[in-house]
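Start from chain A and add chain B according to the hints.
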Amino acid sequence: MKELLHLGLQLGGWSLVVLCIASLWIPKMLGWREKVAGLTPLMREVWWTYSCYIWGSHVFFAVLALGFPDWLTGRSPAAAAMSGFMLLWWSVRLWLQFFGYDLAEVATTPANRIAKHLLTLLFLSLVTLYSLLLAWNAGWIGTGEL
Amino acid sequence: MNPLLLETALRVAGLILAGLTLANFVAARRFAYRENLAASAVMVRQVFQVHCAYIVAIISALALLCLGWPGLLLDDGMGRVLSAFFGLFWLSRVIVQLSYYDRQTRRLNRGWDLFFLGVFLVLAAIFTLAALPR
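Chains A and B are the protein sequences, given in the same order. Just so you know, this note's numbering puts 50 at position 50 of the first sequence, and the rest follows in order with no gaps. Just so you know, this note's numbering puts 128 at position 128 of the second sequence, and the rest follows in order with no gaps.
No lab work stands behind these hints: they were computed from the structure. Predicted model, so just to flag it, every value in this text is computed and none were measured. Yeah, the Cβ is synthetic: ideal placement off N, Cα and C, and Gly gets one too. Please note that a few of the clues may not be correct.
Unchecked claim - Simulated coverage check for chain B against chain A, where a stretch passes if three residues somewhere in it have a Cβ under 8 angstroms from a Cβ of chain A: (1) 14-26; (2) 34-40; (3) 54-60; (4) 64-77; (5) 113-127.
The shape of chain A in the complex, shown without the other chains (with noise of 0.2 angstroms):
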């Protein structure tokens, strides 16, 4: 179990690269600049202040998983705590995916149904894997061989 946890690790830290860099095309791609510019000069500093910060979790989530695949399946109380957090990010992101972002304004062209896609599919994997290292961590899953 441990190794397909690694296993499992790596997949999701290299998915989460390849989030933080598709990221940086966001803001063009959905007209972010055009759209904020209504604000008011520090509503658009907040917005664009905590949208870094946002990016900057995702990629100590990746070197985390990348990283630190072993304290992440460490059975520490601390590692347990992590997963938990990081279960409860993605989770809540799930969530907004199907039922929370409001996608009426964003053009269906198919790049944008491709990417959409991709991205539920990414979230549903974190969920996934964030709950069996948290179910490993917390002890409720075995060592045993799969």
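Using the frame of chain A, we list chain B on its own:
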């Protein structure tokens, strides 16, 4: 630096972070987020609300960690990596405040501007010290 002193400093950071969590809600009222976003595109409004919620989640989770388990942030390996990340997180927030935020808004709210600069600096210093090798 003495680990006991660092633990105490991290608990103080936890209290500051709990205050910052609350400050996010006060700022939303003071700067009329809802009214300012009312006329904007749905996407802008939703992304802003979601990002605000995630930022509050990060800060409150960190507050909980600092108040309840400061020792975890001082552990070799992962603990120090976490501390380094948050040291960078708060140091970058100081730089953002000084170089990116609107000067006129800062001038009009000079007291709060200086207060939050101080808060971000203290947090950056505590987490950076926690990340340093001992």
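Hint check:
A count of 0 residues in the stretch 14-26 of chain B with a Cβ less than 8 angstroms from any Cβ of chain A is obtained; the coverage claim is therefore unmet, three being the minimum. Counting residues of the stretch 34-40 of chain B whose beta carbon lies closer than 8 angstroms to any beta carbon of chain A gives 4, which reaches the threshold of three, so the coverage claim holds. For the stretch 54-60 of chain B, the assignment as covered by chain A holds, since 4 residues bring a beta-carbon within under 8 angstroms of that chain's beta-carbons and 3 suffice. Three residues within the 8 angstroms Cβ limit are the bar, and the stretch 64-77 of chain B against chain A gives 5, so the coverage statement holds.
Restraint check on the stretch 113-127 of chain B versus chain A: 0 residues with Cβ-Cβ distances below 8 angstroms, three needed, restraint violated.
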